[in-house]
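Undergrad: Take these sequences, add in the hints, and give me the full structure.
Under mature numbering (1 follows the signal peptide of the UniProt record, and there is no 0), read the sequence shown as residues -15 to -1, 1 to 300, first letter to last.
A portion of the hints provided could be inaccurate.
As the list claims (entries may be wrong) - Pairwise CB distance ranges (calculated): (1) Arg63 with Ser111: 18 to 26 angstroms; (2) Gly275 with Pro136: 52 to 60 angstroms; (3) Gln277 with Gly94: 41 to 49 angstroms; (4) Ala126 with Gly94: 34 to 42 angstroms; (5) Ser60 with Glu110: 15 to 23 angstroms; (6) Ala126 with Gly287: 44 to 52 angstroms; (7) Gly286 with Gln180: 30 to 38 angstroms; (8) Arg63 with Asp18: 37 to 45 angstroms; (9) Glu93 with Asp172: 27 to 35 angstroms.
As the list claims (entries may be wrong) - Taking lysine to aspartate or glutamate pairs in the EDC-like style, the calculated list, with each CA pair at most 16 angstroms apart, reads: (10) Lys118 with Glu78; (11) Lys229 with Asp164; (12) Lys229 with Asp153; (13) Lys75 with Asp18; (14) Lys75 with Asp153; (15) Lys88 with Glu110; (16) Lys246 with Glu76; (17) Lys118 with Asp164.
To be clear, the hints were calculated from the coordinates, so they are not data collected in a lab. Glycine is no exception: its CB is placed at the ideal position from the N, C-alpha and C atoms.
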Amino acid sequence: MKFLVLAVLVVGAYGCGLPTYPPVVTRVVGGVDVRPNSWPWQISLQYRSGSSWYHTCGGSLISNEWVLTAAHCISSSRTYRVYLGKHNLKEEENGSLAISTSKIIVHEGWNSFTIRNDIALIKLESPVTANDKITPACLPANGLVLPHNAPCYVTGWGRLYTNGPLADILQQALLPVVDYATCSKSDWWGSQVTQNMVCAGGDGVVAGCNGDSGGPLNCAGSDGAWEVHGIVSFGSGLSCNYSKKPTVFTRVSGYIDWISKPMDPFADILQQALLPVVDYATCSKSDWWGSQVTQNMVCAGGDGVVTGCNVRRYY
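TA: Right under this line is the structure:
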């Protein structure tokens, strides 16, 4: 099941993971400037120093008021804002929004030594309305693991090369997924990676780099919508593009329940489930709903496994 993190405001013309301006995706290896607003869930997480704001990490808009980023991007001593709808961080751009944060939730199991559970949620001070420059991402199905060599794209304003300058214009790069069996080999990342992580890249040519942290690993779903499968977590300390040291991401599909929990009171997680129709003859039996149902009603489900829940409960 694909988890669509949406609010009522965005269900209409702007579905999750469907940019108004689709990204130009090719098999060319190497970071390139993105088509403006083609990754409309990409955000710049910025911290304040004096009277100025500075980019520190990326992130992904996943509803009209929640952003997904990495735990290691968050410091309790800093004040943050989220910049949405940006392409060039050095320019004023129509349609971009800088919004303060009202709540930051760092995973309770975050461990900076082992880099486990490197995930955090940021609630915006005010919700945004989806448009052609700002649209939430889709999230993958709970527990979904991508196959080896699945083509995904990392995006961010990170360093253009090891020890180089931060990018002004949002960059994208093709990073094929490296499966866990390969990435956990001793001459790759070994025991430093877990099955709650995703490895991508590792060709020694292109990778995520400092400043990309917290940003998305974007992978196309079977329906063509883009899903955020990873959160940039760590890479090699030797260089940003070291061979057999792919960029390592927090695997989003391993944290769907954790992501959805703080959103529950606001019903931000829109889910779908198959409910086969139960005919009136069956549903009106005494050991089913009996006389409580009429022929102006439709029954569906009833297998004891899946049902609608807490929608409007009159019973």
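Undergrad: Take the C-alpha atoms of lysine 75 and aspartate 18, compute the straight-line distance between them, and say whether it is at most 16 angstroms.
TA: Holds, at roughly 14 angstroms.
Undergrad: Is 18 to 26 angstroms respected by the C-beta to C-beta distance linking arginine 63 and serine 111?
TA: 20 angstroms, holds
Undergrad: Holds or violated: lysine 229 and aspartate 153, Cα atoms, limit 16 angstroms.
TA: 28 angstroms, violated
Undergrad: Assuming the hint says 37 to 45 angstroms, is it satisfied by the Cβ distance from arginine 63 to aspartate 18 or not?
TA: 29 angstroms, violated
Undergrad: Verify the proposed pairing of lysine 118 with glutamate 78, using a straight-line Cα cut of 16 angstroms.
TA: 11 angstroms, holds
Undergrad: Can the suggested window of 52 to 60 angstroms be confirmed for the beta-carbon pair glycine 275 and proline 136?
TA: 54 angstroms, holds
Undergrad: Determine whether the Cβ-Cβ distance between glutamine 277 and glycine 94 falls within the hinted range of 41 to 49 angstroms.
TA: 45 angstroms, holds
Undergrad: Look at the Cβ atoms of alanine 126 and glycine 94 and judge whether their distance stays inside 34 to 42 angstroms.
TA: Roughly 22 angstroms apart at Cβ, these two residues miss the hinted range, so it is violated.
Undergrad: Does the beta carbon distance between serine 60 and glutamate 110 stay inside 15 to 23 angstroms, or does it fall outside?
TA: 19 angstroms, holds
Undergrad: For the pair we were handed, lysine 246 and glutamate 76, check the Cα-Cα distance against 16 angstroms.
TA: The given pair, whose Cα atoms are some 37 angstroms apart, is violated under the 16 angstroms limit.
Undergrad: Just to be sure I understand the hint, the distance between the Cβ atoms of glycine 286 and glutamine 180 should be within 30 to 38 angstroms; is that true here?
TA: Since the Cβ atoms of glycine 286 and glutamine 180 sit about 32 angstroms apart, the hinted range of 30 to 38 angstroms holds.
Undergrad: Tell me if the straight-line CA distance from lysine 88 to glutamate 110 falls inside 16 angstroms.
TA: With Cα atoms ~8 angstroms apart, lysine 88 and glutamate 110 stay inside 16 angstroms; holds.
In summary, the numbered hints that this structure violates are 4, 6, 8, 12, 16, 17.
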